[in-house]
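So the chains spell out like this:
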Amino acid sequence: MDIKDGRTVKGVNFVDLRDAGDPVELAEIYSREGADELVFLDISATEQKRKTLADLVYRVAEKVNIPFTVGGGISSIEDVDVLLHNGADKVSINSSAVKNPQLINDLVSKFGSQCIVVAIDAKQIEGEWIVHLVGGKVPTERKLFEWAKEVEERGAGEILFTSMDHDGTKDGFANGALARLSGELNIPVIASGGAGTTSHFIDTFKEGKADAALAASVFHFKEIGIGNLKQELRENGIPVRI
Amino acid sequence: MKIVIINYGAGNIQSIKFAIERLGYKAVLSHDADEIKTADKVIFPGVGEASSAMKKLRESGLDSLIPQLTQPVLGICLGMQLMCNSSEEGHTKGLGIFDVDVVKFSPGVKVPQIGWNQIAKLKSDLFENVEENSHIYLVHSFYAPICGETIAETEYGINYSAALKKDNFYGTQFHPEKSSDVGERILGNFLGSV
Numbered sequence: 001m002d003i004k005d006g007r008t009v010k011g012v013n014f015v016d017l018r019d020a021g022d023p024v025e026l027a028e029i030y031s032r033e034g035a036d037e038l039v040f041l042d043i044s045a046t047e048q049k050r051k052t053l054a055d056l057v058y059r060v061a062e063k064v065n066i067p068f069t070v071g072g073g074i075s076s077i078e079d080v081d082v083l084l085h086n087g088a089d090k091v092s093i094n095s096s097a098v099k100n101p102q103l104i105n106d107l108v109s110k111f112g113s114q115c116i117v118v119a120i121d122a123k124q125i126e127g128e129w130i131v132h133l134v135g136g137k138v139p140t141e142r143k144l145f146e147w148a149k150e151v152e153e154r155g156a157g158e159i160l161f162t163s164m165d166h167d168g169t170k171d172g173f174a175n176g177a178l179a180r181l182s183g184e185l186n187i188p189v190i191a192s193g194g195a196g197t198t199s200h201f202i203d204t205f206k207e208g209k210a211d212a213a214l215a216a217s218v219f220h221f222k223e224i225g226i227g228n229l230k231q232e233l234r235e236n237g238i239p240v241r242i
Numbered sequence: 243m244k245i246v247i248i249n250y251g252a253g254n255i256q257s258i259k260f261a262i263e264r265l266g267y268k269a270v271l272s273h274d275a276d277e278i279k280t281a282d283k284v285i286f287p288g289v290g291e292a293s294s295a296m297k298k299l300r301e302s303g304l305d306s307l308i309p310q311l312t313q314p315v316l317g318i319c320l321g322m323q324l325m326c327n328s329s330e331e332g333h334t335k336g337l338g339i340f341d342v343d344v345v346k347f348s349p350g351v352k353v354p355q356i357g358w359n360q361i362a363k364l365k366s367d368l369f370e371n372v373e374e375n376s377h378i379y380l381v382h383s384f385y386a387p388i389c390g391e392t393i394a395e396t397e398y399g400i401n402y403s404a405a406l407k408k409d410n411f412y413g414t415q416f417h418p419e420k421s422s423d424v425g426e427r428i429l430g431n432f433l434g435s436v
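Protein sequences appear in the order of chains L and W. Going by the working numbering, the first residue of the first sequence is number 1, and it counts up by one from there. Going by the working numbering, the first residue of the second sequence is number 243, and it counts up by one from there.
If you are wondering where the hints come from, they were derived from the structure by calculation, not from laboratory data. It is possible that part of the hints are untrue.
In silico BS3-like cross-links for lysine-lysine, where the CA-CA straight-line distance does not exceed 30 angstroms [stated by the list, open to error]:
1. W:297 with L:110
2. W:352 with L:209
3. W:283 with W:363
4. W:268 with W:407
5. W:352 with L:99
6. W:346 with L:110
7. W:268 with L:51
8. L:51 with L:110
9. L:110 with W:335
10. L:110 with W:298
11. W:268 with L:63
12. L:206 with W:346
13. W:244 with L:63
14. W:352 with W:335
15. L:230 with W:363
16. W:365 with L:206
17. W:297 with W:407
18. W:297 with W:279
19. W:365 with L:230
20. L:51 with L:4
21. W:352 with L:110
22. L:99 with L:110
23. W:352 with L:230
24. W:352 with L:143
25. L:149 with W:352
26. L:10 with L:222
27. W:335 with W:283
28. L:143 with L:110
29. L:149 with W:346
30. L:4 with L:230
31. W:283 with L:63
All chains should be built: construct the whole structure from the sequences, respecting the hints.
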């Protein structure tokens, strides 16, 4: 769930945001329907953002009995401390890790690998996967596969990879890049960006070798039901909790 | 009923408190010896690194208090691991309640194991009304091998202890507070019938 000023929003390629409901209500619904994990990414840019996010984490933790990850503007040990104390299970960092990779080591030694997720947004430029910041708007010097390896070596517990070329297209996940990431890394890789049909999920587990798949709009706008999706995954030989 | 969650500065205890409240009970967070001794049920949580967590326990004297408790005690995740003889993580001694040594997963599986897995060979009242092969949520890099005190097994490259029990002491490697309805049932069993 992308969160802006306390509401769930959804856009295509990170723009044209539409309201998709109250995050706590949605969290309860998704956990009842069988989601295995929730991810909240705060994309608001207000001054009171930190406090709003901590409050949201607290309200989600009160209601939800499955793990959840929180990200958006986290850049220090103190930020993480507040979110974990309010009930988050994991935090996700992105731009702050690219700008200061040592932050990954610092967070891992303080809180442990298990709660540090590094999110990587990337898109292809002339055939090369390049890491981008600010919701995919700003290219960096970093190449996806090298950065992912560095992130692993610095101790991150998981990588959340979003293909900006696929996000919002509903045309399937970036399975080629995912399979390479999964093959080169020894930490779990979460596929994000591109979910449109149940077969896209099957493909990303089979072809993309993803350890987990993340989607937002297909669930927010009830195009895919989580129960049906998991049933189909199981029928296709992918082990899932039902 | 008085439920105390031992608060020694290790990990996400808010989630456990909320899970207990969802089951209709109240829990107190405390590191005070008298408060812990007078509880009906004690929860010993833990997320983080074993040797530094043991150091915190020693500094507060909880390392000698916990093994002497006579009421039901439930160690969760690192809490369970600290109740064992020792841990390879930071090469630390444990509380010596469970007679088993905690070791690291061998190469060949992704470490930490983060996610849902299944529990089997369930023994003990902790798993009343819990089906074999139910899914539970785990996050860990070290594990307790199968031993005489194993009351549930799971498989990740090898079979290992998903839960342990000795006398009034229980431990789960998984997080019941994050394991959806199954986890709530297990936590409910601990708070209710055991």
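- prompt: Honestly, which of those hints from before does the structure not fit?
  reply: The structure breaks only hint 16.
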